[in-house]
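Q: Sequence:
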Amino acid sequence: LGRKPHIGWEAKEEDYRVVEEIIRLLGLENLASRKLNELSGGELQLVLIARALAQQPKYILLDEPTNNLDIRNQIEVMNILRRIVKEHNISAIITTHDLNFAANFADRVVLIKNGRVFAQGGVEVLSPENVEKVYGIDVEVIRMNGKVVILPGD
1 LGRKPHIGWE AKEEDYRVVE EIIRLLGLEN LASRKLNELS GGELQLVLIA
51 RALAQQPKYI LLDEPTNNLD IRNQIEVMNI LRRIVKEHNI SAIITTHDLN
101 FAANFADRVV LIKNGRVFAQ GGVEVLSPEN VEKVYGIDVE VIRMNGKVVI
151 LPGD
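Residue numbering for the sequence shown is 1 to 154, as defined by full-length UniProt numbering.
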């Protein structure tokens, strides 16, 4: 399905090549012949990302791509997306409510309040002051070993 925008009446050699490359890139060889209803949540999420990448987009828009995944699959999905963005010159626009994931995986952050952009920029946008104004909660932002951790305040 991901190649549909490029296919006329039948798939061409190039379509198969692109799909095979994406399967290899995402490490999905063991899933290629399985049915969707046999996949775990993390596996399904990777397959859906692969389908989007098969269109060879310049931009990929993902709404909560790590939602309902365990921590291992959340990190795997985000690391794969980061690698694809860097290696294939694709821009990824990702929505998330997980501030810790945004702080540790995003190049740019946009905070939205009441349907409008409240603040945007690098991860420094996720300051205690901005988080309090957008979400109405007190948080502490800790920088440790090159990572940012956002914790509930007192």
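Accuracy of the hints is not assured; some may be wrong.
In the DSS-like style, the derived pairs of lysine-lysine whose C-alpha atoms are separated by at most 30 Å in a straight line are [stated by the list, open to error]:
id, residue 1, residue 2
1, 58, 133
2, 35, 12
3, 58, 12
4, 133, 147
5, 86, 12
6, 147, 113
7, 35, 113
8, 86, 58
9, 58, 147
10, 133, 113
11, 58, 35
Simulated from the structure, these hints should not be mistaken for laboratory data.
Q: Hint by hint, which ones does this structure get wrong, listed from lowest number up?
A: 1 and 7
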